[in-house]
Amino acid sequence: EVQLVESGGGLVQPGRSLKLSCVASGFTFSNYGMNWIRQAPGKGLEWVAYISSGSSYIYYAETVKGRFTISRDNAKNTLYLQMTSLRSEDTALYYCARRLNYGGYYFDYWGQGVMVTVSS
Amino acid sequence: DIQMTQSPASLSASLGETISIECRASEDIYSNLAWYQQKSGKSPQLLIYAANRLQDGVPSRFSGSGSGTQYSLKISGMQPEDEGDYFCLQGSKFPTFGGGTKLELK
Numbered sequence: 032e033v034q035l036v037e038s039g040g041g042l043v044q045p046g047r048s049l050k051l052s053c054v055a056s057g058f059t060f061s062n063y064g065m066n067w068i069r070q071a072p073g074k075g076l077e078w079v080a081y082i083s084s085g086s087s088y089i090y091y092a093e094t095v096k097g098r099f100t101i102s103r104d105n106a107k108n109t110l111y112l113q114m115t116s117l118r119s120e121d122t123a124l125y126y127c128a129r130r131l132n133y134g135g136y137y138f139d140y141w142g143q144g145v146m147v148t149v150s151s
Numbered sequence: 004d005i006q007m008t009q010s011p012a013s014l015s016a017s018l019g020e021t022i023s024i025e026c027r028a029s030e031d032i033y034s035n036l037a038w039y040q041q042k043s044g045k046s047p048q049l050l051i052y053a054a055n056r057l058q059d060g061v062p063s064r065f066s067g068s069g070s071g072t073q074y075s076l077k078i079s080g081m082q083p084e085d086e087g088d089y090f091c092l093q094g095s096k097f098p099t100f101g102g103g104t105k106l107e108l109k
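Protein chains in written order, with the working numbering: chain C, 32 to 151; chain S, 4 to 109.
Pulled out of the complex, with its shape left as it was, chain S reads as follows:
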């Protein structure tokens, strides 16, 4: 199985701050990487897929980058509604998720 190591585990950001979350794969995943947001008590929502493609309806302050084994999600200008848990997903035939990052508004 491909292991996904996500960091940091938690993060506190001020309104308008730009933040980044990282995911490292145990082997090259050839940009098969997605990012999800999960708010408390809700189902995960797809933000980014194929490393840098923005899902329909997702605000443009969210962006993804990376290649090979290293990927990141950037939020350019933290908003109150961005609070929640964030997960990466490697999208191979046997998908695996990162451990998650809890993002809070400072």
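The following block holds chain C by itself, in its conformation from the complex:
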């Protein structure tokens, strides 16, 4: 069974940093591109970042470019999101999601999400 389990969220002050992790199981992690997607409370979904299976390709949404860094450790089956210079508008439930191996950028499995609250 595919499982994605996020951790590392919490309450953080504006301007500070936080690092999220997502541990994958039930599939060959190193064969799949991975994503971070967020959902602000009561709002829609926003794709945040993508990393290819071997970390060769990395893309970011303009809203986080230069502040967030996506990375992965295939030996540990773990995806990361380093978030710096956090703003109140980064407050959201952050999901890690696997890219469907088909073509295009679709997400076939999602974690349960981890909450990040940016507030003083």
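Think of the hints as simulated: they come from the structure by calculation, not from any bench. Careful: at least some of the hints might be erroneous.
Unchecked claim - SDA-like cross-link-like pairs, simulated, lysine to any residue; straight-line CA separation at most 20 Å:
1) K105/S to S17/S
2) K107/C to Y140/C
3) K74/C to E107/S
4) K42/S to K96/S
5) K105/S to G19/S
6) K105/S to S70/S
7) K96/S to S84/C
8) K74/C to T8/S
9) K42/S to Q70/C
10) K42/S to K107/C
11) K74/C to A92/C
12) K74/C to D59/S
13) K42/S to G75/C
14) K45/S to S83/C
15) K96/S to G85/C
What the hints assert, rightly or not - Using C-beta positions, here's what the derived DEER-type ranges look like:
16) S87/C to S68/S: 32 to 38 Å
17) V33/C to T8/S: 29 to 35 Å
18) Q82/S to M146/C: 26 to 32 Å
19) V36/C to T8/S: 33 to 39 Å
20) N62/C to S79/S: 33 to 39 Å
21) T100/C to G102/S: 27 to 33 Å
22) R64/S to M146/C: 45 to 51 Å
23) E93/C to V61/S: 29 to 35 Å
24) Y133/C to R64/S: 29 to 35 Å
25) G97/C to K96/S: 16 to 22 Å
26) Q34/C to V61/S: 27 to 33 Å
27) S61/C to K109/S: 45 to 51 Å
28) I89/C to S79/S: 38 to 44 Å
29) V33/C to K96/S: 20 to 26 Å
Using N, Cα and C, we set each Cβ at its ideal position, and we do this for glycine too.
Using the hints provided, position chain S relative to the given structure of chain C.
Okay, now just chain S, sitting in the frame of chain C:
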């Protein structure tokens, strides 16, 4: 960025009713379109990808169609378990989601 405009924002359907949800892209997305269902407090579930391909395990009453900038999700025969929020996603290199449709059972 490609903008996705989804309609309607909310919808109420009777048991067994057939409903449609639409998404319009700000430019041609060449069938790079997916549909998701999200139930309250849960993660989104992939229903349809590449505009009309049914994800494994999804009931056949769900179907997708469209091309160019116009796409739709059809549920042929509303069931109680279909209540939830539905989102479209344009699956280009910089994916963007539609604003969502809240579907309720009348």
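Results of checking the hints against the structure:
no.	hint	verdict
1	K105/S to S17/S	14 Å, holds
2	K107/C to Y140/C	19 Å, holds
3	K74/C to E107/S	18 Å, holds
4	K42/S to K96/S	26 Å, violated
5	K105/S to G19/S	17 Å, holds
6	K105/S to S70/S	24 Å, violated
7	K96/S to S84/C	15 Å, holds
8	K74/C to T8/S	15 Å, holds
9	K42/S to Q70/C	14 Å, holds
10	K42/S to K107/C	31 Å, violated
11	K74/C to A92/C	17 Å, holds
12	K74/C to D59/S	28 Å, violated
13	K42/S to G75/C	13 Å, holds
14	K45/S to S83/C	26 Å, violated
15	K96/S to G85/C	17 Å, holds
16	S87/C to S68/S: 32 to 38 Å	35 Å, holds
17	V33/C to T8/S: 29 to 35 Å	32 Å, holds
18	Q82/S to M146/C: 26 to 32 Å	31 Å, holds
19	V36/C to T8/S: 33 to 39 Å	34 Å, holds
20	N62/C to S79/S: 33 to 39 Å	35 Å, holds
21	T100/C to G102/S: 27 to 33 Å	28 Å, holds
22	R64/S to M146/C: 45 to 51 Å	34 Å, violated
23	E93/C to V61/S: 29 to 35 Å	32 Å, holds
24	Y133/C to R64/S: 29 to 35 Å	22 Å, violated
25	G97/C to K96/S: 16 to 22 Å	18 Å, holds
26	Q34/C to V61/S: 27 to 33 Å	20 Å, violated
27	S61/C to K109/S: 45 to 51 Å	47 Å, holds
28	I89/C to S79/S: 38 to 44 Å	40 Å, holds
29	V33/C to K96/S: 20 to 26 Å	24 Å, holds
Going down the numbered hints, you'll see the structure goes against 4, 6, 10, 12, 14, 22, 24 and 26, while the others check out.
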